[in-house]
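Here the structure of chain A is known, so what remains is to put chain B in place on it, guided by the hints.
Protein chains: 2
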Amino acid sequence: MKDLPMKRIASLLVALAACIALAAKAPNKTVALTGPAPSLTEILAVSPATDWEPLDPSQLLVMTLANSHQVVIYLAPFAAPNTVANIQTLAHEKYWDGLAIVRSQDNYVVQWGDPNAESPQAKSIGSVKPTLVPEFDMPMTTGSAGFFKLRARDAYADVVGFWKGFAAARDLKQHRQWLTHCYGAVGVGRGETADSGNGQELYVVNGHSPRHLDRNVTIVGKVISGMEFLSSLPRGTGPLGFYKKPEERLSITSVRLASDLPEASRPAFERLSTMSKTFPAVLKNRRMRRDGWFLHSPQAVDVCNVPLPFRLRKN
Amino acid sequence: MKDLPMKRIASLLVALAACIALAAKAPNKTVALTGPAPSLTEILAVSPATDWEPLDPSQLLVMTLANSHQVVIYLAPFAAPNTVANIQTLAHEKYWDGLAIVRSQDNYVVQWGDPNAESPQAKSIGSVKPTLVPEFDMPMTTGSAGFFKLRARDAYADVVGFWKGFAAARDLKQHRQWLTHCYGAVGVGRGETADSGNGQELYVVNGHSPRHLDRNVTIVGKVISGMEFLSSLPRGTGPLGFYKKPEERLSITSVRLASDLPEASRPAFERLSTMSKTFPAVLKNRRMRRDGWFLHSPQAVDVCNVPLPFRLRKN
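Chains A and B are the protein sequences, given in the same order. Under this note's numbering, think of the first position of the first sequence as 1, with each following residue one higher. Under this note's numbering, think of the first position of the second sequence as 1001, with each following residue one higher.
Everything labelled a hint here was simulated from the structure, so no lab data went into it. A virtual CB, placed ideally from N, CA and C, is assigned to each residue, including glycine. Keep in mind that a hint or two might mislead.
[What the hints assert, rightly or not] Beta-carbon label-pair distances, calculated as ranges:
1. A:E93 x B:D1260: 23 to 31 Å
2. B:D1195 x A:S68: 40 to 48 Å
3. A:H69 x B:K1284: 35 to 43 Å
4. B:P1048 x A:K277: 35 to 43 Å
5. A:N67 x B:D1097: 41 to 49 Å
[Stated by the list, open to error] Far from chain B, some chain A residues (derived; all Cβ distances over 12 Å):
6. S68
7. M140
8. E192
9. S259
10. D260
11. P262
12. S273
[To be verified] The calculated SDA-like cross-link candidates involving lysine to any residue, where the alpha carbons are at most 20 Å apart (straight line), are:
13. A:K149 x B:R1153
14. B:K1164 x B:A1085
15. B:K1245 x A:W52
16. A:K173 x B:H1296
17. A:K284 x A:S47
18. A:K173 x A:G226
19. B:K1244 x A:S232
20. A:K173 x B:R1153
21. A:K284 x A:L308
22. A:K173 x B:Q1299
23. B:K1149 x A:L295
24. B:K1173 x A:Q299
25. A:K244 x B:G1226
26. A:K245 x B:S1232
27. B:K1094 x B:S1251
28. B:K1173 x A:S297
29. B:K1314 x B:V1046
30. B:K1173 x A:R153
31. A:K173 x B:A1152
32. B:K1173 x A:M288
33. A:K164 x A:A152
34. A:K173 x B:S1297
35. A:K314 x A:R266
36. B:K1149 x B:V1046
37. B:K1129 x B:L1099
38. A:K173 x B:L1295
39. A:K173 x B:M1288
40. B:K1173 x A:A152
For reference, chain A alone in the conformation it holds in the complex (with noise of 0.2 Å):
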């Protein structure tokens, strides 16, 4: 019999929500940073708090499944000033109420809607439209300050970075940006033409990023917590990962603002502003990753490799 140690890969690299865990029950102490190589977690364990950024409550969604589980959204209405006025509507009439997730495809996206949207029995959509202006992407002068340019090659945009806290892209050319399909990011389903998407179905990415459907659809958000509950789901076996059987699909019992719950019951998150002086050492941390673990230091990261951290606020 060997006494053989755990071989555990990285044992440096907490996950990202282990380690906004950690970092968010770290108590008010002061971690030296010294030493060529502070982990993420003592990163922003002593990071200002000035250095983070509450979230505004009427950009949360937050979904309760079935299940029990929650899941919370961080919406981008700067990204998608009319999509995600729709989502916010369609939140405060309670229109995903009673509705499903209709969808699981491996290594890709996790769906949810009404799953009787084509038939007589579909769900009314309430005051919003069933087609909308697409919002694929937007001018680089429309609320391009605050874009945090990354020095990272892309295999699919001239420029990569971070948006108000979002994976970001940019064409020079076209002078456009856009928000990225990284894991975890919350798009609007559509049909074949471009005013399709009102965002009514919602998709979430669930595996390697499909980078090949940035500008094809509308993202509005991402999962800022909770995503565990979307990405476990058992895979549906119809076309595209759709559920065959109703009883496959998981109900959804509400969506709701944040800012449309009473105030004791809401989660209050905040972030890690990309443009603070922490930032910087974040990337430099994934860049370098000089832990004992590592014996080759990547030095690069790829957008949708960034920590973007978000903790849930002291009270």
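Chain B alone, transformed into the frame defined by chain A:
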């Protein structure tokens, strides 16, 4: 009530699995590749049989889980000869039978091995040794024939492409090449030291490609069937996604080389050669996306978004 058409993102973006299933099921009819944009399914359906290579059953690892689901891993002995030899020995000696999936970390890895590896109750590793010279990368001169160079910018490597059916990358200064951490890639868990990964504990990537792990661990293969049974496992709630309680772990019934199975129950796969004439058509299909649903053609593809088709062999 609106009879709204079901919004589906990327109706053409049939999952690779679905695509392969279709292609495998397609009768030997001739599908005319007329028009500007044959689908991936059409491309594969008309590919000549000589473009496909049967997989050596000694390179196929068949893992049967306690819930009866089966996962098939395609091993890459050319990229990690000694580590794959260890794994073949471990499978032959039934090392993993009765062990378990110990870890499921969201957007990172699922890992399996001996939950008691660190304790005196550790299962014997039989005739393999606890340490092994690492095979994180290989000289470009060894086995480099057959490297298909992909025209794509990459955040991490000078050159990316495909090496005997696997996504791979090259360092042109150091003349090294290695298999990349794409979704589904299978690697060898290790401790702090380079030689501590002997193949007894394995992991598979279940999210956005963690390319920073490239050259830090030995990649030994990839999942070609049944990935959805690993990716949909509940996430572990312990540090790094390890399951906290023994009862949360899914047991492994058996892991066998296909070559050790009776011929009648061997899964028989073939793969589209990345050196075939069909493969550039696959790449073009991914780059151009001139199908009806796509309104913006990416005109690019990253190394982890290229389908590397596998299918069951016809009898």
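For each hint, the structure was consulted:
1. A:E93 x B:D1260: 23 to 31 Å: Violated - the Cβ-Cβ distance for E93 (chain A) and D1260 (chain B), about 60 Å, lies outside 23 to 31 Å.
2. B:D1195 x A:S68: 40 to 48 Å: Since D1195 (chain B) and S68 (chain A) have Cβ atoms about 46 Å apart, the given range 40 to 48 Å holds.
3. A:H69 x B:K1284: 35 to 43 Å: The hinted range 35 to 43 Å holds for H69 (chain A) and K1284 (chain B), with Cβ atoms some 42 Å apart.
4. B:P1048 x A:K277: 35 to 43 Å: violated (59 Å)
5. A:N67 x B:D1097: 41 to 49 Å: Taking Cβ atoms as reference, N67 (chain A) and D1097 (chain B) lie about 33 Å apart, which means the hint is violated.
6. S68: holds (14 Å)
7. M140: holds (16 Å)
8. E192: violated (6 Å)
9. S259: holds (26 Å)
10. D260: Holds, since 24 Å exceeds 12 Å.
11. P262: It holds; P262 (chain A) is separated from chain B by about 28 Å at its closest Cβ, greater than 12 Å.
12. S273: Since the minimum Cβ distance to chain B is about 23 Å, S273 (chain A) lies beyond 12 Å and the statement holds.
13. A:K149 x B:R1153: holds (17 Å)
14. B:K1164 x B:A1085: It holds: about 18 Å lies between the C-alpha atoms, which stays within 20 Å.
15. B:K1245 x A:W52: violated (35 Å)
16. A:K173 x B:H1296: holds (15 Å)
17. A:K284 x A:S47: holds (15 Å)
18. A:K173 x A:G226: It is violated: about 38 Å lies between the C-alpha atoms, which goes past 20 Å.
19. B:K1244 x A:S232: Roughly 17 Å separates the two Cα atoms, so the pair holds.
20. A:K173 x B:R1153: holds (18 Å)
21. A:K284 x A:L308: holds (13 Å)
22. A:K173 x B:Q1299: holds (15 Å)
23. B:K1149 x A:L295: Not satisfied, since the Cα-Cα distance of roughly 26 Å exceeds 20 Å.
24. B:K1173 x A:Q299: Status holds; Cα separation ~15 Å.
25. A:K244 x B:G1226: holds (18 Å)
26. A:K245 x B:S1232: holds (18 Å)
27. B:K1094 x B:S1251: At roughly 14 Å apart (the allowed maximum being 20 Å), S1251 (chain B) and K1094 (chain B) satisfy the hint.
28. B:K1173 x A:S297: holds (15 Å)
29. B:K1314 x B:V1046: holds (15 Å)
30. B:K1173 x A:R153: Satisfied, since the Cα-Cα distance of roughly 18 Å is no more than 20 Å.
31. A:K173 x B:A1152: holds (19 Å)
32. B:K1173 x A:M288: OK: K1173 (chain B) and M288 (chain A) at ~19 Å, within 20 Å.
33. A:K164 x A:A152: holds (18 Å)
34. A:K173 x B:S1297: holds (15 Å)
35. A:K314 x A:R266: Satisfied, since the Cα-Cα distance of roughly 13 Å is no more than 20 Å.
36. B:K1149 x B:V1046: violated (24 Å)
37. B:K1129 x B:L1099: Since the Cα atoms of K1129 (chain B) and L1099 (chain B) sit roughly 18 Å apart, the hinted pair holds (cutoff 20 Å).
38. A:K173 x B:L1295: At roughly 18 Å apart (the allowed maximum being 20 Å), L1295 (chain B) and K173 (chain A) satisfy the hint.
39. A:K173 x B:M1288: Holds, because 19 Å separates the two Cα atoms, which is no more than 20 Å.
40. B:K1173 x A:A152: Holds, at roughly 19 Å.
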